[in-house]
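Student: Given next are the chains, with one letter for each unit.
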Amino acid sequence: MSDSFVFLTPAPLELPAGRVAADLEALRSGIALVQPEALFHHVTRIPVRFPHARDLPENDFARWVGDALQLPEISERLAFAGSVPSGSPEDLRATLLSVLDRVSLRDRKREAAEGASFHFVAVRTVLAPLGIEANEPADVIELWPWIDLGSAFYHLVEAPAFGIQEQALIPWLRDHGGKGLADSAEQVVGTGRPLAPLLREIGARWRRSQIGRRLIERSETPEAERRRESRAAMARLVGRLRGQGNDTR
Amino acid sequence: MKWTEIGARAAAGADAGAGAESPPQGGWLERYEHLVGSRTLHALEALARKLRGHRIVMVNTTKTGGGVAEILHRVVVILNELGIETSWEVMEGDDRFFGVTKKMHNALHGQGQPLTDEDRDIYRERTRREAERLALDGDLILIHDPQPAGLIEHRRRPGQRWVWRCHIDLSRRDETYWEFLRPWVDRYDASIFSHIEFVPSISIPAILVPPSIDPFAEKNRGMEEDEIASINERLGLEATSPWITQVSRFDRIKDPVGVIEAFRLVRARRPSHLILAGGGASDDPEGAEVLAEVREKAKGLRDVTILELPPQSDKEINAIQRASTVVLQKSLREGFALTVSEALWKRRAVVASAVGGIPLQVLDGRTGLLVRSIEGTAFQCVRLLDNPTLRRELGHEGHVHVRDNFLHTREVRDYLAVFAGVLEDAARG
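From first to last, the protein sequence lines are chains A and B. The numbering used here applies: residue 88 is where the first sequence begins, and numbers increase by one. The numbering used here applies: residue 766 is where the second sequence begins, and numbers increase by one.
A few chain A residues that don't get close to chain B, going by computed Cβ distances all over 10 Å:
no. : residue
1   : A109
2   : T278
3   : G299
4   : R305
5   : E312
Derived list of chain A stretches under chain B, where covered just means 3 residues or more per stretch with a C-beta under 8 Å from a C-beta of chain B:
no. : region
6   : 97-103
7   : 132-138
8   : 205-217
9   : 232-239
To be clear, the hints were calculated from the coordinates, so they are not data collected in a lab. For each residue, glycine too, the CB sits at the ideal point set by N, CA and C.
Bound-form chain B, shown alone (with noise of 0.2 Å):
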């Protein structure tokens, strides 16, 4: 009988360049193996041992906001404790740059706006100058997002190997943006998408890594009910009746309409409250607009609360989801909704529209209720406030399948696998 290394984990913290956050004392590591168990643990650190030896660096455009930077200040700092070194640059522009990025991220989402000459040579310049700047000195470069993906023109060194990694939504892409992008991500080795309907045609590997949640996050935390009952008193919440909850931003595509009108079946029935929260208007003459059609379509219905949240309400979502009976997605579309992730590590009841990452969080009945118009999100409302079995089942499977599949640990596990992968390949020649 032989064991290997198990638990021998690498001293917490290493270097993890620009911006990771420190980690708790003993480790991230180890407040992880609380929730997913020491043999989850142990498959990572065999995994990683794979690449020890290897020097990962990764790279976006910012420290601090937006999902992306989230993942990597866990990501990064768990990476060096499995004993891999693991730094994190941060591309920097100029409000030219980022007004270039800010177009090309809408248009590869599909809001299209003309793509100039002088846009393109915004972009190389500061791409040019940016290569020459950052330390890309590890053999694995992780490139996250369209905004950096051109410093592989000028940064690839021999023995090195890059991916992509894509989060964005690409399936209503303009071509004129993806076309211009393309020849530098054809350059990679390989490249990382969310899911399967965001994959373009595209000449190197693709492959699927959803994306996840850091339970220990501000939003995703455990509360206790005095807190939860705090901040819901100071955002003017009463619990007189249960809580129908959408938290997105004020988007169309997000069906705040079609969440009202539902609504308004269900409290034809059922005593019950509806709360769309969300943020987005104040920055967003569409937002704005949104939110101005949501408040005339509410407007003489009772218990309806709109609530537009600032910037950094991760608390105050937290403490809404956690005291509402039932979390709604009501999309038109999505792309993977990481809030109905968000509901369900909560143990909440999710009634959510069949769209985009969806189904992959909500298994119809086991761990959510799927619908696909406002008489089913209505019929589901009903349902759910009059069982809580149903309710507490639903709940739990949730958990258990948002720790199975959708926390930090599982990306790091698909992370530490494609570049294995990678490396794989490029022995075989």
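In isolation and in its complexed conformation, chain A is listed as follows (with noise of 0.2 Å):
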């Protein structure tokens, strides 16, 4: 079995999960029944469906009821529940679950406006192997920025939260001596930031948490060696100002 870690882009496609919602009691029986993949994209995928938002939206449901049934108020802690990082989609059920359980019999009966409904999406993901793979921990940091933002969701919290292990980045890099590498990836995620910016700030903590290492390596380093990369980081340099390579968007 190889040991290294592949890396795949994930698309996502929505079909309807055949429920629809006029009401908080229909949307209290679809979250209660849907498949853990239609909550997941109701959810927590906001992250990556608004990847450059400059403040995240609030998860569908918490929308749908502020806007549609305009009860803001259970709109406030549904986005609340939603926010939390709560691991795996049934404990986001049950979280979500308990909001709209506490909400009082006036307002259950609450109906949307016609075409106005809320419809349930299921999602399946079709994932494509994207190229890269690293050997090594260290491996992963040169390569991040080459990563798709929906790679690197898929990896540090999709793959996860669905239990498949062989697939979540944080665990890989644990089991291959890159602990401090987990732990602040882990740190990061679980912020619940735009993905955009949750990302880049996960690439500058790897890379700030390498600069020790670096300069025992570079020490050791022949003089021509050095000026080598030194060249090589200057075109490096002038390719991102030029917009090209190490994009950030």
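Mind docking these for me? Both chains are given alone in their own frames, and the hints should help you get the complex.
Tutor: What follows is the structure, given as structure tokens:
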């Protein structure tokens, strides 16, 4: 079995889940019964659906309750429930249901206007190898700028949430001597910030963590090699300034 | 550490079949790279590698005019640049056939006209003849819209996978027409719809793929201030006060009369100018009737311009939207309403009704403002006229949202994923 980490890029296909809600009771029964992938789509995938938002929108349930049912208090509670890193989709389901179970009878009957019902969406994810593999944790730092947002989200959040351990990046880093990298990534992922800045933050933390090691390596490198590295670094910087390669989008 | 084919794109402009537009030097993907970033394109290339060796054939009924042809011009070339041999076949027909398909189109949109036995025969006969003529020799066939849907009956070969892409809103469909089409649709491996509310009861998988815009098209490309001013001057539009604009055909469901009522409330409080720009009145009796109502409603109102634009007015629409302070889409009912994405792409502050596909594009208070009434429309317009910072923030977030979700590269990714999914299903048996 290969010990390298193979990066995959996900292409989620959205399908009707076959459930429509026009009031909170129907929303509750939908949340109770839909597949975990649907819950994950409506709540946990928000950062990857709006990767460059200045601040993240509420999850789909909270937004619908606020916009269509005009129930701001319940919307706020659902938004908060969805923003807490909750582990598995089943934990998330339980948290959302507990919010809806506390809703008054009067609010439960509030109906959305015609054409404003909530449609549950199911998701099937098609995975493709990105053509990038890491053999050791330090490779991940080098490769990080080339990993697309969907791929990073998949390996940091989605695969662990669905128990696909062989595709979860943080456990792989730990198993391969990268505990520090794993811990800092885990800490940043837990903040629930918008995806693009979140991933930049992880990359920056990882690079900073390598400064000590690089200094030691560098002191042992011959002068000619150091000059060659400096020229390469300058070329990379110029490339970035021209908006190529290490893009921040 | 291993890298595979990063950035190794196929030669641009491989045989793209009928009518596909020539790519610019360096290819369309290179142009998109500056917008969406290299990582997004690497992911697209990775997905495309799953389909290497397969051949896609796209089929529709027109090379020019209409949103589907616009999309295909770009998408076919991009797929070829990604190394997937893709061709585009155009189903032909005579006036009788297109008369039937026009009726079909209208009926599936909810404007029913009787479907006669003769109509059915004309559709079947033309489908049979075109099935013999068209080069449907790929292994992945993507049929766009109802007109060519029947081809599957005559041309499906063993090993081929057929997907039906419905670009129209079937939520108010005439069941007679749908029942006529449905036996063919049920033979496909999968179907694609633009919005969840458009999906009818169907026996095959239905996948949701929102439409997308072309940022390089005449309607959306960047314009210098001079060009905008010169086009608007030619249209007789003067920038004496901030413009509130709605661009859409003169149709009751776009609520142009409601727009004028909302503007009357705005105008009483703030200096502003309403522009209602649209087409569809010259060749559509109902459009002409609505235009007359709109003119009547606007009679005596200062600062209202009603522009009846001819087809191919993309450049003019672009200039009008870019010069507008607020863009409205106050529809009573909508399909996907890509005009909203077009305005957001131009960083405009958008006020729009919470109907159809609009809430997917306008996230209330983040990428635009959603409204449900004439008073709400007026209130939000005044708010935006007074607040340039809010306009700028909404415009910025709207642009970013469209870049992430509603450009052609995202639609290409979805098509690749649909085919990859269909092939995975076939492999599983």
